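Student: The sequence shown lines up with residues 1 to 73 when you count with my numbering.
Check before you lean on any hint, since a few could be wrong.
Restraint-style ranges between C-beta atoms, simulated for each label pair [what the hints assert, rightly or not]: (1) K60 - S31: 22 to 28 Å; (2) I10 - P65: 37 to 43 Å; (3) S42 - P65: 42 to 48 Å; (4) K60 - Q20: 37 to 43 Å; (5) K13 - K53: 19 to 25 Å; (6) K60 - I14: 34 to 40 Å.
These are computed hints drawn from the structure, not numbers from a lab.
Keep in mind the model is a prediction, meaning the values are calculated, not measured.
Backbone N, C-alpha and C fix where the C-beta goes; we use that ideal spot for every residue, glycine too.
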Amino acid sequence: MTYYEPFSIIFDKINIRILQELLKNHNIKSSEISLRLKVPLSTIQRRRTRIEKSGFLQHKYEIDPKKICTEKC
1 MTYYEPFSII FDKINIRILQ ELLKNHNIKS SEISLRLKVP LSTIQRRRTR IEKSGFLQHK
61 YEIDPKKICT EKC
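Throw the hints in and build the complete structure from the sequences for me.
Tutor: Put into structure tokens, the structure is as follows:
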């Protein structure tokens, strides 16, 4: 396993656009990003893996208190 230091990502044009796509939809497939950016799939996969392993992005879940039903719903 390769370890990447946090913030060791070079923020070039492609990485910024990958980040933008991930921020819009964190479940987006790499193949979809590849089509949208017109960048080879292997490039997207390699860069996305590095971004995700760097710790720069974090998945977080949030509870919307307004949608919690404690009694009769």
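Student: Taking the beta carbons of K60 and S31, is their distance inside 22 to 28 Å?
Tutor: For S31 against K60, whose Cβ atoms are near 25 Å apart, the range 22 to 28 Å holds.
Student: Per the hint of 37 to 43 Å, is the separation of the Cβ atoms of K60 and Q20 within bounds?
Tutor: For K60 and Q20 the Cβ distance comes to about 18 Å; the hint is violated.
Student: Regarding K13 and K53, is the given constraint of 19 to 25 Å on their beta-carbon distance met?
Tutor: holds (21 Å)
Student: Could one say that the CB atoms of I10 and P65 fall in the range 37 to 43 Å?
Tutor: Distance hint for I10, P65 holds at roughly 40 Å.
Student: Between K60 and I14, does the beta-carbon spacing fit 34 to 40 Å?
Tutor: With Cβ atoms ~25 Å apart, the hint is violated.
Student: Do the beta carbons of S42 and P65 sit within 42 to 48 Å of each other?
Tutor: holds (43 Å)
Of the numbered hints listed earlier, those contradicted by the structure are 4 and 6.
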